[in-house]
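**Q** The primary structure of each chain is shown beneath.
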Amino acid sequence: MHFRWDIIVDYLPLLLKGAALTIGISALAIVLGSILGLAVGFGKMSSRPYLSWPMSGYIHFFRGTPLYVQILIVHFGLVPACIGHTDAVIAAITALSLNSAAYTAEIYRAGIQSIDKGQTEAAQSLGMTGFQTMRFIILPQAVRRMVPAFGNEFVVLIKDSSLVALIAAPELMYWSNVMRGQYLRVWEPYLAAAFIYLILTYSLSKLLGWLEKKGVAG
Amino acid sequence: MGKRLSVIVAAGILIMTMAACGANKEDSSGGDGNSGKVYKFATDAAYAPMEYMDKDKITGFDADFLKAVMDEAGLKYTITNTGWDSMLTEVQSGSTYDAGISSVSITPEREESYDYSIPYFESTNMIMVKEDSTIASAADLKGKKVAVQGSTTADTLMSGIMGSDNTDLKRFDSNAVAMLELDSGGVDAVVADIAIVREYMKNNPERKLKGILDTASFGSEFYGILLPTGSELKAKLDPAIKKVLENGKYTEIYKQWFGEEPNVDNVLNAK
Chain W
1 MHFRWDIIVD YLPLLLKGAA LTIGISALAI VLGSILGLAV GFGKMSSRPY
51 LSWPMSGYIH FFRGTPLYVQ ILIVHFGLVP ACIGHTDAVI AAITALSLNS
101 AAYTAEIYRA GIQSIDKGQT EAAQSLGMTG FQTMRFIILP QAVRRMVPAF
151 GNEFVVLIKD SSLVALIAAP ELMYWSNVMR GQYLRVWEPY LAAAFIYLIL
201 TYSLSKLLGW LEKKGVAG
Chain D
1001 MGKRLSVIVA AGILIMTMAA CGANKEDSSG GDGNSGKVYK FATDAAYAPM
1051 EYMDKDKITG FDADFLKAVM DEAGLKYTIT NTGWDSMLTE VQSGSTYDAG
1101 ISSVSITPER EESYDYSIPY FESTNMIMVK EDSTIASAAD LKGKKVAVQG
1151 STTADTLMSG IMGSDNTDLK RFDSNAVAML ELDSGGVDAV VADIAIVREY
1201 MKNNPERKLK GILDTASFGS EFYGILLPTG SELKAKLDPA IKKVLENGKY
1251 TEIYKQWFGE EPNVDNVLNA K
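Chains W and D, in that order, give the protein sequences. Residues in the first sequence are numbered consecutively from 1, following my numbering. Residues in the second sequence are numbered consecutively from 1001, following my numbering.
Incorrect hints may appear among the rest.
[Unchecked claim] DSSO-like cross-link-like pairs, simulated, lysine-lysine; straight-line CA separation at most 27 Å:
hint : chain 1 : residue 1 : chain 2 : residue 2
1    : W       : LYS17     : D       : LYS1144
2    : D       : LYS1202   : D       : LYS1145
3    : D       : LYS1236   : D       : LYS1255
4    : D       : LYS1057   : D       : LYS1037
5    : D       : LYS1234   : D       : LYS1067
6    : D       : LYS1067   : D       : LYS1236
7    : D       : LYS1234   : D       : LYS1037
8    : D       : LYS1142   : W       : LYS17
9    : D       : LYS1145   : W       : LYS17
[Unchecked claim] Listing some non-contacts, in silico: residues in chain W with all C-beta distances to chain D over 10 Å:
hint : residue
10   : ARG63
11   : GLU106
12   : ILE115
Derived from the structure by calculation, the hints contain no laboratory data. Values in this document were obtained by computation on a predicted structure and should not be read as measured data. Note that beta-carbon positions come from the ideal geometry of N, C-alpha and C, so glycine has one too.
Here chain D stands alone, though its shape is the one from the complex (with noise of 0.2 Å):
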């Protein structure tokens, strides 16, 4: 009875196997109607403000200028969560996903492997410290305990500042773990993008943090949208990001999500 019975599983197994396989074709090959391409964005949409999930909507200000963007070039698009990796790997193939918009940094190490579109963001990264500490600059984090999101620019500086196999330098999956290492005392300071740390100071005023800026040794840097390399669409999205840069659209999206003006000609002129 074993050896009939392992047969007939393993045959089952076998065939609804391949039912799912050819469903996915089936479902893949549906869409590729030439009129009007629809363009697939990739995000991970856990770093807000600026991408986020509200419930099960992508949102936050990526979403918003990316919208801006699309409406401006007349380009239909989706934007789909996809978390970091996929991301990454679903870009760098440009089969299925066409671009990412994740508040991605532009540096030359990346620009190997990837097509950026101009810069849309101006940034700089912020010491997160609690109220009492005496650091303040980023001289003062030599010999400290740091913590920052692993693949941030935050991480490179830090990496620049302290060595990059510092185990002082504590690289955490997400912003959200490395402040909570701030709080359970594990380290004497966060360094994050302005945005994300302001924005965690907002919603725990009872932690008692102030942030710290040093745009001596923290400089501005630029985020883009990741392309595939030689990616055809970097023609379509680059004058309509200008466009909405200057037309005031922009101006509009960052004052609604960060309350201030953005320094608009910063962008516009960054190399």
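Same shape as in the complex, but just chain W (with noise of 0.2 Å):
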């Protein structure tokens, strides 16, 4: 098959710029969605009924819907309810935090509750408070544990940032939809995106194991 690559050299500025927003919404949805699951994963470890079950329920809900509906309700519905109008952009960013929030906060629960119970007797038995077995001995250690599957949760929400295409947010699949729209043609398009995306989860995998031998040992 013949395989068209003027068109895509046509279209590389505007996917070049879909992947500057693609990189945007990604990166502020794995900052907040980290920030939230933490609260979440927290939450639903606490022995307080009043906060492990709804935090449970949030889990359950973002972990047991597909994305897709997820981004529409977000769009369709909780951005207009705060700011009175749609925004792609603003949906796209939330959603995804939302959705990210759910597997993090998994992940920040797998990693505290692997660390040893004799840990935490130990720091007890010294004489620590709560507080300070967790800030001092639990977590440095969880940290180290939760790195590898971090960098695996912002991978997947690199590449699931594409779905947000749908409400019309112009990130990479957006662009390479359009340009797929005015030649009919599927490969190109396609191909060229894929070929952005595996750069930047590329990157985003390099960038994390250098923090997983060097910043988090230290």
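With the hints as a guide, bring the two chains together.
**A** Here is the structure:
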């Protein structure tokens, strides 16, 4: 089959512009999702049922329904209810953050609960408070175990961000859909987009691998 | 135990995959008898009233029209809802499907990659706005936020008016979502095929919408049946389409779906 490089070259500036928005949306969603996930994760681990039940429900909802539908609900329901009109970029960041928080919450929980109980007992026998135990004994060890899982989650989030083309947020997938429409060709736009996604996710993996080796160990 | 188990699991998956592939191969070699080839048409049946699913059946103007044409040509055919992307790749390669019929407008860029039948349908784009809107023509859309379905000629036209990299022009995957965006106040107008806009207003009278025709800015466009380059089917389809257009069968189907007379001469004389 004949592959038309010329139309990729034609659309490259728009694809790169879209990739910039993909990076922006993903980066914000990673940060917001990780912060929110921390709150949700600790909420779920809480021994108080009025905290743990809603947080558990939150995780079940966002992990148990399609992101596709979540994006539509946020775009046409949540965002207009808050700011009075739709806004695709705000909806994209919100939906991806809320979704990612459910997954990162479980990563926090798994990481913390993977630390042997003996560590807590030892810390308490030294007279540490619950907060001190968490801050100085559990978290430093747990975070190291969480890094690979976080890396995985962030890579998934970058790829999932392609779904927001659904609500016409002008990111990478959106512009490749536009390209598809003009020429009615499928492979050139999709493979070009896939290649750019690969560059993004590969760079992120490398960055996280470096962090895992160096940053967190210190 | 762990190692042995993983070997067994891997072997199991491998065997099942091979079995599945084998089954597929047998399936496809089953029906290539030379007597009376069955032509396979692909469509994206999500564009009421042109082509859509009525429960599990493909229906709409295109489905009825295709039936008339294939009856006229004396050819057997099947039509499958493949979705838009699959329809494009399949028709371009031409190995599994022989043609696509899905309200595909004929444009020069697309003719670089496909062949088309002769035109069979005249369409124009319509602007849909809320009843109290001040927008009255295509020129009024400049500086406004407009939603279209991507890959449609509405997209091409509005890209021309507003600039293709203008982010106030929002391209959605389907007209249904684009129209929802108008309801939610995210855009000021939707531009789409006249048949689609009318169908939507008919089904949603409580939304208080109006349609605006601007034939000066939005000229006629014509749909064709999508074919692989160099398709032998074109020589059989074109005379049959011409016949169906001329003998009144087309007018009958058109009236049934749209409740008005088509301008058959425009379609016949289109180039």
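**Q** If a hint holds in the structure, say so; if it doesn't, say that too.
**A** Checked hints:
For the proposed pair LYS17/W and LYS1144/D, the alpha carbon gap of about 22 Å is at most 27 Å, so the pair holds. Distance hint between LYS1202/D and LYS1145/D is fulfilled; the C-alpha atoms sit about 24 Å from each other, no more than 27 Å. Simply put, LYS1236/D and LYS1255/D have alpha-carbon atoms about 26 Å apart, close enough for the 27 Å limit, and the pair holds. Of the supplied pair hints, the one linking LYS1057/D and LYS1037/D holds, its CA atoms being roughly 23 Å apart against a limit of 27 Å.
Annotation: proposed proximity of LYS1234/D to LYS1067/D holds, straight-line Cα distance about 16 Å (limit 27 Å). Of the pairs offered as hints, the one joining LYS1067/D and LYS1236/D holds, with about 14 Å between alpha carbons and a cut-off of 27 Å not exceeded. Of the supplied pair hints, the one linking LYS1234/D and LYS1037/D holds, its CA atoms being roughly 15 Å apart against a limit of 27 Å. Only pairs whose Cα atoms come within 27 Å are accepted, and LYS1142/D paired with LYS17/W is accepted, the gap being roughly 23 Å.
Distance hint between LYS1145/D and LYS17/W is fulfilled; the C-alpha atoms sit about 20 Å from each other, no more than 27 Å. Once the 10 Å rule is applied to beta carbons, ARG63/W is consistent with being away from chain D; the minimum gap is 24 Å. Once the 10 Å rule is applied to beta carbons, GLU106/W is consistent with being away from chain D; the minimum gap is 25 Å. The claim that ILE115/W lies off the interface holds: its Cβ sits roughly 24 Å from the closest Cβ of chain D, which is beyond the 10 Å cut-off.
Figure legend: structure checked against the earlier numbered hints; every hint is met.
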